[in-house]
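Trainee: First to last, the protein sequences are chains A and B.
Under numbering that gives the first Met the number 0, the first residue of the first sequence is numbered 0, with each subsequent residue one higher.
Under numbering that gives the first Met the number 0, the first residue of the second sequence is numbered 0, with each subsequent residue one higher.
For the record, the hints were derived by calculation from the structure and aren't laboratory data.
One or more of the hints may lead you astray.
To be verified - The following residues of chain A were derived to be distant from chain B, with all beta-carbon distances above 12 angstroms:
no. : residue
1   : I10
2   : L22
3   : A32
4   : R50
5   : G51
6   : G99
7   : R193
8   : L194
9   : Q244
10  : G277
11  : R302
12  : S308
13  : P313
14  : A322
15  : G332
16  : P348
Claimed, not checked - Selected chain B positions facing chain A (Cβ under 8 angstroms, derived; list incomplete):
no. : residue
17  : E79
18  : M82
19  : G95
Yeah, the Cβ is synthetic: ideal placement off N, Cα and C, and Gly gets one too.
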Amino acid sequence: MAPPLHPAHLIARVNRDVERSLLRARNGLRYVAGTHRPKLGATPKDVVWRRGRAQLWRYRRGPAVRYAPPVVIVHSLVSRSYILDLRPGSSMVEYLVNAGLDVFMLDWGVPDELDADNGLATYVDGYLPRALAAVRRETGCRDVTLAGYCLGGLMAALYAAGRDDAAVRNLVLMATPIDFDEMGSMVAALREGRLSAEDLIDTTGNVPAEALYSGFYMLAPTTEIAQKATLLENLWNDQFVEGFQAMAQWSRDHVPFPGAAFREVAELLVRENALMSGRIRVGDRVVDLGRVRGEVLVAMAERDNVVPSGATEPALAIVGDPARRHALRLPGGHVTFGTGRSAFKHTMPRMTEWITAHSDRLDTEQTPWRSDASSPPTARRSRASSTASRTPTARS
Amino acid sequence: MSVGRPLWLRAVLRLERAIGEPIEAATRSDAYFDVVAHATRAHARTIGAAEEISRRCLHLLNLPAGTDVRRVREQLARMERRMAALSDEIADLEHGRDAAAG
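Produce the entire structure from the sequences given, and follow the hints as far as they go.
Mentor: As structure tokens, then:
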């Protein structure tokens, strides 16, 4: 039996409840009216390269650049990149910038019928090398840390493995699917032929964003009830409401999947599960994923129901040199790489720690220079950490 | 973690799981994807038929239909891609020439 409440405590509790009720009413009205939406992808940035719909952004904020090489994030083809820069105080990009890294993001934009013929080779051989050449021009650094999220990780790995001139010092694969047999029922339907790629591609030649949204939504169609109930309980909390709105917007905000790339994914990755052989055809050549020369970090989220860790884990046996593979097992879900309590507690610190440990610490701190600067500053460099973990497949 | 959650919220969350689990099992079943495939194909056929009718009507009036515009956009996209490939080839050639000269 609960102890009797002291009158002072009772009054304080009543006050708190009244206050929260008022805040709930205010935030509820704002939520329904759609005002006070959080600003997403707000970390200041410059566009330093563009081609077609693709843009390369360089993030400006941060005390100073303390590490090299720069980090280039390659986003997925099916979602919006602002998940990794969701809102101030809840942003992977902001975290990396504040840690002293020079961060770039390769955003693919929103494809339309003009992009329907874009295959994997368009991204791996067309866009990525040119975007990375722009990074080299901007920073003066010869190599990069290439970090790919979801399918972006696959493209980053194919680039790093497929080109002799790929100067990738570190490759970070975040929730990157390798074993498509582990990818759940939606992918299984494609694999078994119950659903074909052509069924999903519309008259624009792409898989429409709504189809992708429906696919993800139907993984857990009633979850929205629990989310809305939790929102109602926490409606008094401005931070919670802002985070909820940001996530709700992102989870509905998919982009069309270019048709040619989708056909390749369905045929090569899903039906043939070609990545599990370690070799895959990209354009007119075969890429061997074992040829990645740099350090490889395979980051997987244990409660990821979009790309289960079982689909990601084989990268530890396939991508790169066995002596240079590292595992990072995270407790969150698919979005732990961008937001959430688990992201701040585990994902961001551990990933940042790994990246900085595998980077050079600059002797002279560099204030981030503007993209239109005539020449980047140079600095002598020293290894950030000589005790950086080289343990293959170690639990970081 | 249910500690600190009010009773009503715990009840809603339990109810959601009670309803959600069988629905999720259904939406991951073979039968569901068969239905999705049939529905998608039927939808595409309906759209195709409607487009065909509207195309004929518009062509009778000597007006372009949506499918014509789409075809023109596809051709433009091919040209755009070809031009981008050519400009890349030129850039690569210039880069090679500069490297050889420097």
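Trainee: Taking the hints in turn, state whether each one holds.
Mentor: Hints versus structure:
no., hint, result
1, I10, "holds (20 angstroms)"
2, L22, "holds (16 angstroms)"
3, A32, "holds (24 angstroms)"
4, R50, "violated (7 angstroms)"
5, G51, "violated (7 angstroms)"
6, G99, "holds (32 angstroms)"
7, R193, "violated (5 angstroms)"
8, L194, "violated (5 angstroms)"
9, Q244, "holds (19 angstroms)"
10, G277, "holds (29 angstroms)"
11, R302, "holds (14 angstroms)"
12, S308, "holds (18 angstroms)"
13, P313, "holds (22 angstroms)"
14, A322, "holds (34 angstroms)"
15, G332, "holds (15 angstroms)"
16, P348, "holds (22 angstroms)"
17, E79, "holds (6 angstroms)"
18, M82, "violated (11 angstroms)"
19, G95, "violated (13 angstroms)"
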